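If you read the protein sequences in the order shown, they are chains A and B.
Using our numbering, the letters of the first sequence map in sequence onto residues 39 to 381.
Using our numbering, the letters of the second sequence map in sequence onto residues 3 to 324.
For the record, the hints were derived by calculation from the structure and aren't laboratory data.
Quick caveat: nothing in here was measured; it's all calculated off a predicted structure.
One or more of the hints may lead you astray.
Unchecked claim - Residues from chain A that keep clear of chain B, each with C-beta distances beyond 12 Å, as calculated:
(1) Glu-76
(2) Asp-89
(3) Phe-121
Stated by the list, open to error - In silico lysine to aspartate or glutamate, DMTMM-like type, Cα no more than 20 Å apart, as pairs:
(4) Lys-104(A) to Asp-89(A)
(5) Lys-231(B) to Asp-217(B)
(6) Lys-122(A) to Asp-89(A)
(7) Lys-341(A) to Glu-280(B)
(8) Lys-371(A) to Asp-131(B)
(9) Lys-41(A) to Asp-131(B)
(10) Lys-203(A) to Glu-270(A)
(11) Lys-341(A) to Asp-160(A)
(12) Lys-269(A) to Asp-284(A)
Cβ coordinates follow ideal geometry from the N, Cα and C atoms, glycine included.
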Amino acid sequence: MNKRRRTIFVVTLLAALHLFVIFPGFFAPYDYSAQERELPFAPPSPLHFVDAAGDFHSRPFVYSWKERPDSRGAYEEDRTQMFKVRLFAMGSPYVVVGPWTSRLHLFGVAAPGRIFLFGTDDFGRDEFSRMLYGGRISLFAGLLGAAVALFAGSALGVVSGYYGKWVDAVVMRLVELFLALPWLYLLFAVRAVLPLRIKTTDAFLLLVGVVGLVGWARPARLLRGIVLSAKERNFVLAARAMGASDLHILRRHVLPQTYGTMLTIAALLVPQFILAEVTLSFLGLGVGEPMPSWGNLLAELQKYSVLTSYWWMYLPAIALVVLFLAYQWTSAKLQEKVAVVNT
Amino acid sequence: MARVARRIVHGLLLLAGVSVFAFALLSAAPGNFFDELRLNPQVSPETVAALKIQYGMDRPLPVRYLRWVASVARGQFGYSLSYHCTVGSLLWLRARNTLLLTGFATLLAWMVALPWGVLEALHRGGWVDRMGGAVTAVLLAIPDVLLGLLLLLFAARTGWFPTGGMASVDAASAAFLGRLQDAALHLFLPVVALALGTIPILVRHVRSAMVGVLDSPFVEAARGHGIPKWRLIYRHALPAATNSLISQLGFSIGALLSMSLLMEVVLSWPGLGPLVLEAILARDVYVVIAAVMLSSVFLVIGNLVADLLLYWSDPRIRAVSP
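Make the full structure from the sequences, and use the hints.
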C-alpha cells in the first residue's frame, strides 16, 4: 500500500509539474517580460495573515516592497497598504493556445500591489512567472527532443535489427560513432554549425533538432537488441510461415514487443535532454533573452553578486532537481515492470 | 597482441570517421568567420577576399580536408582564425589542463565510489544500502551546472579556495612547494565537482557488479570454507567484479569529458571548455574541430587502456584471443 501511495504521489507530482508549465500564463501572475525597474532583485514577498494592528485575516495578503532609505538595493515591506491575494484574478492578457487568449490568472493582487512568490531578477521581473514560462521551453525541448530521438532511433534500430546484413552493419557503426563521442562536444559541434543569433522560436526548434540528432543512438541500439530477439519468437516465425508481409509482421508482432522498452527509454531520455537544453542555454548557445528557459535563468548565477546574495535565483535549479528525481523514479519503476513482463 | 593491433586500427578508423563527420558538418555551417569579419566596417572587402585565399578557405571541401589532415600530421591541427596561431599551440596547454583535471577527478571518484558501492552491496536491502541509494539518487538528479555553482558559492563564501583560474597572480615568484600548494588549491574545487558528478553512476555500477559476484556459487563455497569476511571480499569477490568495472572505466570517459567541459566553464578552469565555447562564439571552425578530435583521441586511448587492463586482469580473455 505504501508503495502504491508513493507511485500515486510521484505520478501526480509529474503531472502537476507538466500542467504548470504547459499553461504558464494561467498559473503565473505576470508575463515573463513584464518589468518592474524600481525593484531589481526584490526578495520573495512573504504571505501574511496577521496585519500591523494584530488582526487575523483568513485571506492571505502581501505588502509591496520599498527600498530601504539607509541602504541601496535592500528592501523593506511598506506596511501602510495591504494587498489581498485573490484567486482567479484578472490580469495581463496571455496566449493560451494559438489564437485563444485569456486574462484569467490563478492568483494575483490588485493593481498597485505586486506579488513576487519567488522574488524578482535584475530587471524586476517576477521569477515565479519566468520559471513557469522557462519550464515550458525546457520541458518541451526535453519532450520533443526525446520524441525526435526516439522516433529516429527506433526507426533505425528496428530496421537494422529486423533486416540485418549491411543495413545493420552501417547503422551500428554509426551508433558506435555517436555513442563514443562525448555528448557535449557533439552538441557543441552540431550547435557550432547553426547561426549564432536567431529568433527564440527558431532557437527552440533548433535545440530540439540538435538534441534529437545527438541522442538517437542509444534508443537505436536498445531497440535493435529487442527486435533481434523479438523476430525469432515462435508466433513471429509462424506469421512469416503463413506468408505475412514484412510490414505486417513489424506492425502487428514486432513493434508491440518494443513498446515497454520505448516507454522506459523515453523516461530516461527526457531528463537527459532537458539537461542538454539547460546546459546549452546556460552557456548562451540556446534560447536567449527575453524568453526565459531554466538554462538561461540559471545563467544569471554566473554573476558573482547574484551567486552570493540572492538565494531565490537558485529556485529554477531546485525545480530541475525535483523534476529529475520524479523522472528517475518513474523510469526505475517502468524498468521493473518491463523486466517482469518480458520474463 | 593481434587484439591490441585490431583495437588500434578500430580506434584510428573511428577517429577518421569523426574527423570527416566534424569537418563536413562544420563546413556546412551557414555563417563563417569571414562573414563576421565582413560586417566590420574597418575591414575592406578586398582584405576579406585576400584573407580567404591566404587561409585557403576558397578551395573545395575535399582539398581543405586533405590540407587539414596534412596539418594534423605536423601537429598543427589547422590555423585558428581568431587567435592567429596554429590550433595545436593553443590546444596542447589546454588539453594538459583538462587531462590533469579529469585524471585527478577519476582517481578521487573511484576512491570514493569503490568502498561505497562494496558497502552497499554487502548490506543489500539494509539501511546502509537504502541511505546510500537515496544519496546517489539525489546526486544523480542534481544538474552538473548546479553542482558547479554550489561549489563556487562555497568558495566565495568561505574564501578557503580560489574561485577560478589555475594559479594565483604571485604564484610564479613563489618557491616550488608554494607553487605546488597553490596549484592544489586551485585544482581542488573543479576536481571535487567532477568527482561528485561521476560518483553516483560509479557507485551504482560497483554495487550491481558486486551484488552479482556475491550471489555466485564460488563465493558461497568460499564462505562455506570459513574464509574471513574481508579476505573474501578483497581476495575473491572484488577481483571477480573488476571485469565489468574496467569496462565501465572505458565507457565513463565520454561522460567525464563532457562534464569536464561544462565544469571548466562554470569554475573558470583554463581547459578545453572555455576555449571551445569561445571558438564557437567566434566561429573559429578549426578550433572546434580540433577539440572534438582531441576528445575522441582521449576516448580512444582511454578505451584502449581499459581494454589492455581487461586483458591483463582476466585470464579468460587471454585464453580466448592470444
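Hints, verified against the model:
Remark: the non-interface label on Glu-76(A) is consistent with the geometry, its nearest Cβ contact in chain B lying 28 Å away (cut-off 12 Å). With a closest Cβ-Cβ approach of about 36 Å to chain B, Asp-89(A) is found to remain outside the 12 Å limit, as its non-interface label requires. Look at Phe-121(A): its CB is around 33 Å from the nearest CB on chain B, clear of 12 Å, so calling it non-interface holds up. A threshold of 20 Å between alpha carbons decides the hint, and for Lys-104(A) with Asp-89(A) the separation of about 18 Å falls inside it, so the pair holds.
Between Lys-231(B) and Asp-217(B) the alpha-carbon distance is near 14 Å, which keeps this suggested pair within the 20 Å criterion. Our distance criterion of 20 Å between C-alpha atoms is met by Lys-122(A) and Asp-89(A), whose separation comes to about 11 Å. This hinted pair checks out: Lys-341(A) and Glu-280(B) have alpha carbons roughly 18 Å apart, not beyond 20 Å. For the hint pairing Lys-371(A) with Asp-131(B), the CA-to-CA distance comes to about 18 Å; that is within 20 Å, so the pair holds.
Distance restraint check for Lys-41(A) and Asp-131(B): the Cα-Cα separation of roughly 18 Å lies within the 20 Å cut-off, and the hinted pair is therefore satisfied. A hinted pair counts as satisfied when its Cα atoms are at most 20 Å apart, and Lys-203(A) with Glu-270(A) qualifies at roughly 16 Å. Between Lys-341(A) and Asp-160(A) the CA atoms are separated by roughly 11 Å; this keeps the pair inside 20 Å, and the hint holds. Taking the CA atoms of Lys-269(A) and Asp-284(A), the gap is about 11 Å. The hint holds against a cut of 20 Å.
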